[in-house]
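Whole structure, please, built from the sequences with the hints as guidance.
Chains as they are written, first to last, in my numbering: chain U, 3 to 414; chain Y, 11 to 94.
Just so you know, the hints here were simulated from the structure itself, not pulled from any lab data. This one's a predicted model, so the numbers in the text were calculated from it and none came from an experiment. No false leads were slipped in.
Below are the DMTMM-like pairs computed for lysine to aspartate or glutamate, each with C-alpha atoms no more than 25 Å apart in a straight line:
{"id": "1", "chain 1": "U", "residue 1": "K35", "chain 2": "U", "residue 2": "D227"}
{"id": "2", "chain 1": "U", "residue 1": "K69", "chain 2": "Y", "residue 2": "D31"}
{"id": "3", "chain 1": "Y", "residue 1": "K88", "chain 2": "U", "residue 2": "E129"}
{"id": "4", "chain 1": "U", "residue 1": "K69", "chain 2": "Y", "residue 2": "D33"}
{"id": "5", "chain 1": "U", "residue 1": "K52", "chain 2": "U", "residue 2": "E369"}
{"id": "6", "chain 1": "U", "residue 1": "K126", "chain 2": "Y", "residue 2": "E69"}
{"id": "7", "chain 1": "U", "residue 1": "K69", "chain 2": "Y", "residue 2": "E54"}
{"id": "8", "chain 1": "U", "residue 1": "K69", "chain 2": "Y", "residue 2": "E69"}
{"id": "9", "chain 1": "Y", "residue 1": "K88", "chain 2": "Y", "residue 2": "E69"}
Quick list of simulated restraints, FRET-style, between CB atoms:
{"id": "10", "chain 1": "U", "residue 1": "V214", "chain 2": "Y", "residue 2": "N76", "range": "54 to 62 Å"}
{"id": "11", "chain 1": "Y", "residue 1": "D31", "chain 2": "U", "residue 2": "V136", "range": "22 to 30 Å"}
{"id": "12", "chain 1": "Y", "residue 1": "L72", "chain 2": "U", "residue 2": "E117", "range": "26 to 34 Å"}
{"id": "13", "chain 1": "U", "residue 1": "R206", "chain 2": "Y", "residue 2": "N14", "range": "50 to 58 Å"}
{"id": "14", "chain 1": "U", "residue 1": "D98", "chain 2": "Y", "residue 2": "E69", "range": "37 to 45 Å"}
{"id": "15", "chain 1": "Y", "residue 1": "E60", "chain 2": "U", "residue 2": "G212", "range": "40 to 48 Å"}
{"id": "16", "chain 1": "Y", "residue 1": "E60", "chain 2": "U", "residue 2": "E117", "range": "17 to 25 Å"}
{"id": "17", "chain 1": "Y", "residue 1": "E18", "chain 2": "U", "residue 2": "P64", "range": "25 to 33 Å"}
{"id": "18", "chain 1": "U", "residue 1": "P40", "chain 2": "Y", "residue 2": "E69", "range": "38 to 46 Å"}
{"id": "19", "chain 1": "Y", "residue 1": "N76", "chain 2": "U", "residue 2": "E125", "range": "26 to 34 Å"}
Yeah, the Cβ is synthetic: ideal placement off N, Cα and C, and Gly gets one too.
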Amino acid sequence: MSARTRVVITGMGVKTPAGTDLDTFWETLAAGKSTAGPIEGFDTSEHPVKFACEVRGFDPEPYLGTKEARRADRVAQLGVAAAADALADAGELETDPARCAVVAGTGVGGLQTLEGQERIYLEKGAERVSPFFVPMMMPNATGALVAMRSGFTGPNLTVTTACAAGAHAIGEGTRMVRDGSVDAVVAGGAEAAVTPIALAAFWRMGALSGRVDDPPRAARPFDADRDGFVMGEGAAFVVLETLEHARDRGARIWGEVLGYGRNCDAFHITAPSPSGAGATTCMVSALEDAGTSAADITHVNTHGTSTPLNDEAEAAAITKVFGEGSVPVTGTKGVTGHLVGAAGAAEAVASLLSLHHGLVPPTANHERTDPALAIDVVAGEPRSIASGPALSNSFGFGGHNASLVLGQAPAA
Amino acid sequence: MDRNDAFEQLRDATVTVLGVDRDAVTENSRFFADLDADSLDLVELVMALEERFDVAIPEEELDGINTVGNALDLLLGKLGAPTP
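In structure tokens, the structure reads:
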């Protein structure tokens, strides 16, 4: 039997509240400081939700030009920029563009456009609805714009599995490279849902932290006093290709996608399955796909939303797979907020940077581990880890689960 | 509103909607060939002009409007100003 094709990451790009370049992103994560602050994207004076993690100072024009930037929703602006950064980081791919794919994840697509145009329709009528409403709002706009800019004419798919979309995009992209149908994939996720209706809805669900007096301390994964997530926005993309191709072209290799698990709870439209049964199966399946055992995993980059339900179910699942407190875990969302469809991609990048630096970033605001959770949460300071793979979890509303096992760059 | 004022306003709208340089917009500029517009761009530009000039521009009146100057004549006609 021939060995399976090995898939490596040769480019990464981020546009997140924690930084819009890899160095800043890593420094912010390593500092373990929340990026939550007053919402600047819309007027919150009449809105119950006043804070979020937004991408500050992002200018889409260098990536899209003046005209295209106006015709792209913020989600696509962020996505195109992160993908362009990842492709620039990867360097010349030296392959047929027809054998290059795009897999983009998003939770909802162009929500700012949807909400803004709805208002225009109600106030001014059908005659004032933008002809660009559909191409700006459609969830696949990011993938289409990435292709138009990169010239990639291979498969171009959009994954919409809510908060797991970014991780699924990387996993599905990996499988495309493994099955030989493409040579390279730019895969990741984007989200820009810091919008009045989305925040009102998450607030009505009781999913958001209500810590209005102290936003920087609101997102606190696995902490005893956690009370919900903080909405974030942003994008992250990676470039995937075969190890062989990366070596042939002398590319710098960030790491390897060793394993990918995905499944569905088939239980409830928002709540995780009891005791994290779905998440447990998903992690086990990723470890099996990687041909590695739980004992080899250096740390888990959790989904860790800071909601009571998610963190309890995820901790139970981690305990089941790894044993009580036997693997360090970190929660990126304490710093970044919840990037929804971009979260899994941003956290895959965070995991790869952790492996690169040999450090697990601390979980922001994690002061006292919920006594009901038998996990070892990295908090306060970054923790040194030995060489070895990481596991990154992403779980979406709808019960969609994804786990990625990511390894260091293979020794030459 | 005289022709110059109207042209400057049309130019503002064109620069904003089509993302072109101000200098690129003259009465002779052709929307498709010179200003890189597509049909959706023109729908948006017409909407912007309707708002700015408070006029209605039905689609059937757009036949034969190829240049900025054509559009200016159409607008001035609606504003009741003399056209050349």
